[in-house]
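Make the complex out of the two chains shown on their own, each in a separate frame, by following the hints.
Those protein sequences? They're chains W and L, same order as listed.
Numbering-wise (our numbering), the first sequence opens with residue 23 and increments by one.
Numbering-wise (our numbering), the second sequence opens with residue 885 and increments by one.
Hints are not guaranteed to be accurate.
Where chain W lies over chain L, by a calculated footprint (3+ residues, C-beta under 8 Å) [as the list claims (entries may be wrong)]: (1) 921-928; (2) 949-961; (3) 967-977; (4) 985-992.
Among chain W residues calculated to face chain L with C-beta under 10 Å, some are [to be verified]: (5) I385; (6) A388; (7) A390; (8) T391; (9) I412; (10) S413; (11) Y418; (12) A421; (13) L464; (14) I467; (15) G626.
Rather than coming from a laboratory, the hints here were simulated on the basis of the structure.
Virtual Cβ for every residue (Gly too), placed ideally from N, Cα, C.
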Amino acid sequence: MIAELGHFVLVLALVVALAQALVPLVFLRHEAGSETALSFATRAAYLQALLIAVSFAALTYAFVRSDFSLMVVFANSHAAKPMIYKIAGVWGNHEGSMLLWTLILAAYGAAFARTAKNLPARFSSYVMLTQGLLGSAFLSFLLFTSNPFARLLPAPFAGQGLTPILQDPALAAHPPLLYAGYVGFSMSFAFAIAALATAGEPQDGRDNNWARWMRPWILTAWIFLTLGIALGSYWAYYELGWGGFWFWDPVENASLMPWLAGTALLHSALVAETRDTLKRWTLLLAIVTFALSLSGTFLVRSGVLTSVHAFANDPERGIYILAILVGFTAGALALYAYRLPKLAPDGAFQPISREGLLLANNIFLATATVTVFVGTIYPLVLDGLGMGKISVGAPYFNAVFAPLAVPFAILLPLGPLLTWRQGHLAPLRAYLAMGAVAALLLTAILVLLRGAASIMVLALFAASFWLVLGANLDLCRKLSPHRAKLWRFWTLPSSAFSAPLAHGGLGVLMLGILAATQWREEIVVAASPGQEIDIASITLRYDGLREIDGPNYRAEQARLTYMTGQHAGRYLFPERRFYEAERSQTTEAAITTDLTGHLYAVVGETANDKRVLRIWYHPYVAFIWLGAVLMAAGGGFGLRTRLRRRA
Amino acid sequence: MIGRLLIVASLWLTPVLALDPGEALSDGALETRARALSQELRCLVCQNQSIDDSDAPLARDLRQMVRLRLVAGDSDAQIRAAVVERYGEFALFRPRLASHTAPLWAMPIVILLLGGFFGFRLMRQNTSTPPQ
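Isolated chain L, as found in the complex (with noise of 0.2 Å):
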């Protein structure tokens, strides 16, 4: 009885639950490079979650193209390029470097070295007046 209305639950709210037994791959470093490349890549379907994290059937059968790619020999770029080119710059949750995202990437070196300018000359300005 119970077993039945989970499963009519789990249509309602899934929890997050990721990768299942036998999912991943017995190399230990191409399963720690697919673990990496799966925290990247967005569930589309998900509020917020990374492949990685999420148990919708979407997120399992991108987990396993990174993976089956990753045994293909396929470098993590050749990888993420696939997953672009099928579902688009909103599946990476680290943007490329692109015209487009370049204010995005030299925001925070933009302001710091601002404060660092005037900061600097704050200090400057300050030292030349003469102390009383």
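Isolated chain W, as found in the complex (with noise of 0.2 Å):
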């Protein structure tokens, strides 16, 4: 009953949303109309998101309730899961995870809606309109391919279970995340149609500057999604088995080309806004971040990337999902060759000024992009042609990104020194002395430490310290005339701290990058009870294995206790994990969480009554997602100073 009353809502929700998408277009016909359009589009968009969410609560329910009668929820619970796992379940499938990301669509768009008065209405009406139109398409992907809440009748005793290894806390953490970032760029594309429509149009009076209507947007979807991508990298880390952090597995790139392209979208959007240049750029940069996180989510979804296989087995559902990424895209695209020549043109440019270096920060993050987007899908278009089957993976884009993030770090900290318009680099002489001095010796000194490397490595290094420092260069000049008085570090504005967070941040997770996969320690041996393992100046003992039982799994537990250091008379307890409902085992690495290194102990199989451990000492690796919250959190101060502005 419950479950039927969320598929009518959801029914309901779609009407509401094409009404969202064609009515306010009627009246938005005559100049007049459009207070009427926006008042119209704003109740919409609140019904459809509470629709949703009545909904989403069923569907919820039905999994709290293991109510195996819907399709759903047999495929992919258990009764005897713990609860975290069956209200996180709800998006561990894909006709869950559907529903979640139209809930954060409409959410978005509720959002929007309280604060849509604040712009020119017709501007606004717009936006809505492109909202509607996007939820309307997904709502209508949702009932017509991928169902939630399909019934299987007679239903079963028992369901088929979750899959072991997303059964861990991250899972109620990280599609949200991921979604919220992925989704919160439907905003910026919502904007930039919405601009395109009425480029050349007086807006009440006021000045048409979307680009800073358009950039909290951005900066939300673009914090969300970095958070997102952080925690997936983190989960695959610790879960996987190994200590990997990055795979460049097609999945994961689908995820970082909106990333890229966003970071670029978020930077000129600034120039867009305050130097009145490199809007038609920033256009295209909203329609593209937009187009790839679709297809980020929904080709992931579908299958296509892991297996080109895929379309073949669903071909119902791949093919709506490409009629709604191309029809989007080429829509967006045909309006925006349309309506581009009624755009002002581009105002005047020095190449070194803080545009100019917002320029070249562009054209970088566009190569990158490009790099992903190429070496993600010619293995496809190759095999596709006949050309024969290659594999492009993590050395090819380590090749490609290594020589492409030296003069990106080296550029990055100069952006925010330089004034807009024309700049001046004879009175940073100084400080960019001083920094790029630190940067070098710091590097000379780890040579001393950790003996010599290639020089692509040495470069990536002394890149990534004049990164950390530069970017608090700009700090320092403005907190220099106050030297005597450190406290004012708190009353300096928020909007102070974001470009130096977000920019060392980066700087922070090359550092870990680097300093995680040259100096990796590795160790593995056949060990038996007693036995000691020296790895990384530390000494452990293997003191054997056994059996526990967990809530819904059994393990083997094996112990290694710390006999030196720090950390000596602790234990380590590795276990191997058999989930008897799913009928599949996962490995729980133990780790030791230090600053400065993580150890990393893993248990495998038996070998001649000896037990395999596999041990790996990952020095700094946490410096990669401390690099991510940092980056995050600048775009947190970023958005903040935006919010108070507005107030």
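The structure is reproduced here in structure tokens:
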């Protein structure tokens, strides 16, 4: 009954979304109809969000009650599963995750509806009707190809369970964060459509400064996507059993592309807002970023990226997905081409200026985006053309990204230091020289401590140090007049922290990647109880194995004791878990987390009455996720500035 | 009991566990080369893993082959060629530069140059217009 209610309100939501898309279009044909269009769209947006929320609640209820008469619950849940995984399991499958997607889309729509009155009515109406159109597309995709409320009668007694690798607290947060990021870029897309539709029209006597209006939404989406990707990387790190944090897997690449394009958009919108230039490029980026978000979620969902054959398995879903993707992208690009002449021409530009460096930033980020895109689809295209099967993996991407990262990191700190229009490097010379010397010194110290490395690795280290230091030069400069009063630090406006945190965070992330890949240590032994193992100047003792029972699994748990160092006397408990309902196993690594490095222990199979143990030392690996969190925090400060300025 | 269950389970889903004890070469320099090479070679029966990351039997065989050839004095290029000969280019995670992979390798440079060209043009075009 509850499930039928959920299904019914989802159909109603589709009707409301269609009305939100079409009715304002009728009113907007006349200048005087703008207010009516807006008030209609606002109400529709609230109602649509409410209906989808009810539907989502109904599906959650079915998962909590383990109602196996629902197909998705039967295929993806089990009565013996802990409650957190029953709830998070709602989006641990195709149908439920698509419902979450539409819920987040509608939530963004409702959030915009709250502030829509602050913008010109005509502009806001176009944003909301675009959101309505997107909502209709996804809701019909859900209802016609991926109905989460499909029944299975007679209802089976037990469910098939959730893939054990997904039974992790990260499942509760990773997909919602990632989707909040992907879907957030639907807002900048809708703003771009509205900007194109109203191009050249005066807006209630106000400037049509869409770039300024768009920025908080880009920032919001970017923060979520940054955190979502970082959490996914951390999850893979501790769950997949050896401590890899990025695999250049097609699924990961699909999330990296909108992130790279979104980062470019964030910066080009800044130029478009302040300097009245790069407007066309910004609009194009807004469209492309959302198109990449769409292909990210949907191509992964349909399985096209991991295997070309997934299309054949479920042609209906695949074709629907493709239609949505092509429809919105092609439609937006057509509108772009048609309205381009109406946009005001771009303003003056100097190479040594903040906008000049932001342009350089965009060129690098666009190159990175295209590289990931081409690297991901090239094997598919080549295979499709019958020109042979090739693989494009981590070694390719590392080889291309390393030389791109060095100049990018060197230029990055300069942007915030220069002024708009015409910047001057001369007054900054002392600061820059200090930063450069410090970065080279730190790199030299590394060589002394850790031995020589390739030129590329050294260049990357130096560039990363420079980035961390250089990003904070701006902060130093702002503080230097108050040298005696360090507490002034807290009185600086939040905008002053935004770029230093975000750029410095990238430097920290790069240092983490370099340290973890360059200095990783690994040992594989077949150990008998009592045996001692040495790794990274730590001595561990293998104590033996025992069997334990978890809530819905059984496990073999090994115990290792720290014999030396600051953790002496502490234990490590790596496990191999067996999930009966799902008939599969996972390895649970035991990890000691220090800022300077992680000790990562995994228990393997039996070999001649001994137990295979694999132990890694991952130096400074935590810097990777720390850097990502710093970047998101930088975004947060930027957003805070925005919201305050508006209030 | 649980041991038997685990054997059954491992047929369903094999977790990622590389390298077995005793597999590594005692010669440090050769072992470093072996690891670097292994990370560039794709495990053909796995989802998206290098032979260094996979514990599939095929990956183990390939790792042993790489090490045997290294000990025999083969160069990295010779080993890659041998792998391609047996399993095709699909086994290389870093595609070799050839006519059909040239666009892949050229693309980043082309985009960077194009971006630079348009960026430069934008600046020249605008600086030549007199300031208001």
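Taking the hints in turn, this is what the structure says about them:
With 3 residues having a Cβ less than 8 Å from any Cβ of chain W, the region 921-928 of chain L passes the three-residue criterion, so the hint holds. For a cut-off of 8 Å, the count of residues in the region 949-961 of chain L with a CB near a CB of chain W stands at 0, and the three-residue condition is violated. Figure legend: the region 967-977 of chain L, annotated as covered by chain W; annotation consistent (6 residues with Cβ-Cβ distances under 8 Å, at least 3 required). Figure legend: the region 985-992 of chain L, annotated as covered by chain W; annotation consistent (5 residues with Cβ-Cβ distances under 8 Å, at least 3 required).
A least Cβ separation of about 3 Å between W/I385 and chain L falls short of the 10 Å threshold, and the interface hint therefore holds. A distance limit of 10 Å between C-beta atoms decides the matter here; for W/A388 the minimum to chain L is near 6 Å, and the interface restraint holds. Restraint check, W/A390 versus chain L: the minimum CB separation of about 8 Å is within 10 Å; hint holds. Satisfaction of the interface hint for W/T391 is found here, the shortest Cβ-Cβ separation to chain L being roughly 9 Å, below the 10 Å cut-off.
This hint holds: W/I412 has a C-beta 5 Å from the nearest C-beta of chain L, less than the 10 Å allowed. Using the Cβ-Cβ criterion of 10 Å, the hint placing W/S413 at the interface with chain L is satisfied: the shortest such distance is roughly 5 Å. Against a cut-off of 10 Å between C-beta atoms, the interface hint on W/Y418 holds, since the closest Cβ of chain L lies about 5 Å away. For W/A421, the interface hint holds, the least distance from its beta-carbon to any beta-carbon of chain L being 7 Å, beneath 10 Å.
For W/L464, the interface hint is violated, since its Cβ never comes within 10 Å of a Cβ in chain L; the closest pair sits about 25 Å apart. With a cut of 10 Å, the hint placing W/I467 at the interface with chain L is violated, because the nearest CB-to-CB distance is about 24 Å. Annotation: interface hint on W/G626 holds; nearest CB of chain L at approximately 6 Å, less than 10 Å.
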